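Read off the chains here:
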Amino acid sequence: MTVKVEITVNGESTSADVEPRLLLAHYLRDQLGLKDTNVGCDTTSCGACTVLLDGESIKSCTVLAVQADQQSVTTMEGLSTDSDNLHPVPAAFRAEHGLQCGFCTPGMVMAAVSLLEENPKPTEKQVREGLEGNLCRCTGYHNIVRAVLAASGQDPDKAEGSEPDMVAPGFSTGSGA
Amino acid sequence: MSIMGTRVRRVEDPVFLTRGATYTDDLTDERLSGALHLTFVRSPMAHARITGVDTTAAREAPGVVAVITADEMDLEPTKHFPAVPDAMARPWLAKDTVRFVGEPVAAVLTEHAYQGEDAAELVEVDYDPLPAVTTLKQALADETLLFPEAGTNLAVAFGGEDEFSDDLFADCEVVVTQEIVNQRVAAAPLETRGAAAAWGEDGRVTLFASTQNAQQTKGEVAGWLGVDPGLVHVITPDVGGGFGAKIGADPEFALVAWLARHVGRPVRWNESRSENMTGMLQGRAQLQTITIGGNRDGKVLAYRLDVLADAGAYPRIGVALPTFTRMMAGGVYDIPKVETRARVLVTNTTSTGAYRGAGRPEATAAIERAIDLFAAEIGKDVAEVRKLNVPPPDAFPYTNKGGAQYDSGEYAKAIDTVLEAAGYQGLRAEQKARRERGEVLQLGIGLSCFVEITAGGMTAEDATVEVHPDGTVTVLTGTSPHGQGHATAWAMLASEKLGIPVEKITVKHGDTDLIPKGIGTMGSRSLQTGGVAVYQAAGELADLAKQRAADLLEANVDDLEVADGAVRVAGTGTSITLAELAEKDQLRIESHWDGQMPSFPFGAHLAVVELDIESGKAVVDRILTIDDAGTILNPLLAEGQRHGGIAQGIAQALLEEVVYDADGNPLTATFADYGIPSAAELPSFTLLTMETPTHLNPIGAKGIGEAGTIGATPAVQSAVCDAVAHLGIRHIDMPATPLRVWTAINAAQNGSDA
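Order-wise, the sequence lines are chains A and B.
Under the working numbering, the first residue of the first sequence is numbered 1, with each subsequent residue one higher.
Under the working numbering, the first residue of the second sequence is numbered 178, with each subsequent residue one higher.
Rather than coming from a laboratory, the hints here were simulated on the basis of the structure.
Computed from a prediction, not measured in an experiment: that's the story for all the values here.
For every residue, glycine included, the Cβ atom is placed at its ideal position computed from N, Cα and C.
Where hints are given, some of them may not hold.
Which residues of chain A face chain B? A partial, calculated answer using Cβ under 7 Å [as the list claims (entries may be wrong)]:
#1 Asp36
#2 Asp42
#3 Glu77
#4 Ser83
#5 Gly102
#6 Cys104
#7 Leu131
Here are some chain B residues the structure puts well away from chain A; computed CB gaps all over 12 Å [to be verified]:
#8 Thr321
#9 Ala637
#10 Asn842
#11 Ser861
If you want the footprint, here are the derived chain B segments under chain A, 3+ residues with CB under 8 Å [claimed, not checked]:
#12 193-200
#13 361-371
#14 656-662
#15 814-826
#16 846-853
Throw the hints in and build the complete structure from the sequences for me.
Next comes the structure, spelled out in structure tokens:
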């Protein structure tokens with residue numbers, strides 16, 4: 001049995017006859033060939049598959065394609081016009097070295113976009129708690145947090161809760177000074 | 178101006194941040210068109226006899242092309258580490274016996290991935306359970322044997338009973354001994370394992386695989402399949418993290434290639450997270466007994482480390498890692514007498530292998546806990562005892578008791594730097610005040626000082642640099658990045674010599690037809706081997722260009738310089754571009770670099786935890802680190818490596834543990850159960866700078882990939898122990914979870930052992 005779905009993805013209309021059990025993540029990857037959206041776990045834990053569904057961040061491994069019918073999905077592919085003109089959030093990820101292997105990155109970026117939509121000027125603590133559903137194994141989150149603060153227009157060295165308590169003068173804080 | 182030492186942003190990122198990286202499961206390569214999807218039927222039992230396999234229903238399920246069991250396979254069981262008993266060979270699909278939960282029993286090939294999940298459920302396997310061996314002490318008892326024909330669970334022993342002398346501690350005023358668990362952890366790269374294979378009409382197989390070294394993968398898979406290595410072409414697409422667990426080929430890779438040949442169609446395999454958490458190599462898994470002795474003035478005189486290491490069910494690379502643990506046992510300390518032994522045993526669990534640090538974190542954790550225990554016994558400060566026992570800077574090169582020659586180091590300075598930056602005396606005063614006030618939130622301060630071996634055992638790498646007539650450059654490397662940023666760093670090294678901007682330099686790796694020789698990326702080796710090879714090749718290419726330009730420009734070679742992508746006659750306007758030279762004749766250099774010796778990065782970490790003594794929960798408030806890896810090429814990338822390492826160190830100390838129950842059932846087989854940390858569990862890190870160059874290579878660089886993990890783990894563990902030291906607690910094993918800490922506090926308050 002298949003069901004017809006119509007989903008607007010990154011501004012373009014898409015449509016397919018799909019199995020009712022098809023996950024949205026696999027609709028994006030296999031039906032549309034949008035491989036940005038990665039699947040990193042079986043339990044909605046890692047967030048690598050995070051996309052926006054009608055503007056809200058969701059984990060696309062836990063949403064069926066049929067549940068997204070007649071709705072609008074944005075993936076990281078849809079953020080930037082091209083690689084020379086990055087959207088402010090991915091641009092900040094690059095500037096702050098907020099990615100290494102890149103596997104968590106599409107989901108992390110989309111989670112960050114959603115976080116900043118809800119809270120345009122978060123503290124470091126709010127960024128950390130806001131990204132709790134997205135796992136990264138490479139960066140230790142240090143530079144991801146900095147990237148999100150920078151994308152919000154704040155200086156990551158000065159955002160609330162970002163100052164090291166006691167750092168002797170002349171030492172690098174890993175901040176790019 | 179030199180590009181070396183500057184914060185060049187990654188050239189990888191514009192693609193990674195738009196259409197994304199291309200991992201093995203993302204490939205749309207035409208060679209894989211029409212590929213079947215491979216789904217494994219894996220054992221749900223840790224140890225059992227297989228009494229029957231019925232694939233009838235599965236074969237009739239929609240989309241099923243083949244269901245393969247051991248009976249249909251013609252590959253002989255294979256040992257995955259040479260020095261172990263022959264009886265410990267691993268079958269490709271289990272035939273008579275399964276030895277861990279997750280062991281492949283049957284392979285299901287379907288047109289679509291979802292069909293594979295359905296059909297695998299329909300394969301009926303009858304198991305007759307056997308007692309499971311899940312702990313090292315059980316394994317050592319040899320009451321239940323995984324391989325009865327071997328007659329023992331001992332896979333290999335390093336150092337015998339006679340390794341230990343009776344009088345090692347005879348001169349010591351104080352001797353302390355402690356059993357320490359260095360728990361099993363999962364590498365857990367975000368990209369799970371994956372491979373895809375297609376056989377061509379030329380009889381060659383193209384194997385796409387998520388690995389840290391394509392060339393080793395090629396050799397292993399060819400050997401396992403029993404085919405000429407020339408028939409295997411391995412391609413490594415982007416790799417979503419490895420951390421040691423993707424070194425070389427996994428047995429599943431050979432199955433993918435074998436099945437593709439068997440059914441005559443391409444085959445793809447991309448495992449689920451729960452398969453990954455039960456089937457991928459896991460790390461650490463040592464039970465250590467440490468004994469340390471010395472004088473009451475703080476001088477350590479003797480140290481003994483006795484290791485039981487877990488090989489998992491089928492011995493693989495993990496078997497070798499205790500040799501690193503033994504070599505580095507004494508850590509940064511100049512201890513007159515050191516004795517070590519390691520016995521590696523099989524258990525009914527997933528095989529072990531390398532995980533960030535691979536043998537050295539285990540050594541560091543043991544000696545750092547030992548120093549703390551010794552300091553506690555004699556009532557001295559942990560920093561003071563450390564500084565009293567490290568060799569002075571003029572002692573380098575320094576040969577340790579394990580036979581390793583430390584190239585350079587300044588350990589006391591590293592310790593002093595973190596102490597000063599942390600405001601150590603102030604922290605101790607704050608700790609004392611909280612103890613006196615009896616506060617619920619107690620402060621713990623943990624200090625570690627470490628030295629590690631990087632590029633151990635494999636000090637050579639090749640590189641090819643070619644300038645093209647259009648002015649672009651191609652660099653071929655045998656290293657194999659999976660997040661480290663080699664495309665950027667290697668381009669910087671070539672740019673430094675050629676004066677061509679990094680944007681015009683393309684770094685290629687992981688294609689065994691294009692790059693037949695390569696060792697890969699592991700053991701923090703890449704920059705000091707593959708990077709230096711690129712630097713050397715680019716330098717030789719500049720020399721070659723000058724020689725060719727000398728004739729064309731009618732100049733003396735000594736008067737020529739290479740800058741801005743051109744050869745210039747110094748002090749004149751006369752020049753010819755490298756691109757123009759390349760147009761006349763191919764401008765390409767292949768170079769081989771061998772540093773001959775490994776390097777020994779070192780550092781010190783200081784962790785501050787706040788520990789709620791009512792709940793037992795510890796939170797890392799701050800961590801300050803020195804990770805001295807010699808001269809830094811790109812601080813942005815080096816800091817990224819440190820951050821990731823520190824996070825994994827904190828995670829092992831507080832959160833992560835692969836747990837099996839008494840029957841061998843994995844209790845941490847998903848990310849919902851395993852304690853991989855999120856941003857909310859970690860602080861920002863304070864990185865302090867110290868660069869002590871090595872003389873072993875022209876750029877002065879040592880390895881940086883693993884340092885953070887090696888230093889942070891004992892610093893955080895010791896901070897937890899320190900937070901409750903006033904309650905009479907000396908040691909708490911990792912991970913120092915709230916339950917474990919609370920149990921220790923409760924036991925101490927009730928006057929019994931923790």
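Now for the hints, and whether the structure bears them out:
1. Asp36: 4 Å, holds
2. Asp42: Given a least distance of 5 Å, the restraint on Asp42 (chain A) holds.
3. Glu77: 6 Å, holds
4. Ser83: It holds, given that the least Cβ distance between Ser83 (chain A) and chain B is near 4 Å, below 7 Å.
5. Gly102: Since the shortest Cβ distance to chain B is 4 Å, the answer is holds.
6. Cys104: 5 Å, holds
7. Leu131: 5 Å, holds
8. Thr321: At roughly 32 Å from the nearest Cβ of chain A, Thr321 (chain B) sits farther out than 12 Å, so the non-interface label holds.
9. Ala637: 26 Å, holds
10. Asn842: Holds, since 17 Å exceeds 12 Å.
11. Ser861: 6 Å, violated
12. 193-200: With 8 residues closer than 8 Å to chain A, the segment 193-200 of chain B meets the three-residue bar; holds.
13. 361-371: holds (count 5)
14. 656-662: Result for this restraint: holds, n = 4.
15. 814-826: holds (count 10)
16. 846-853: holds (count 4)
Of the numbered hints stated above, the single one contradicted by the structure is hint 11.
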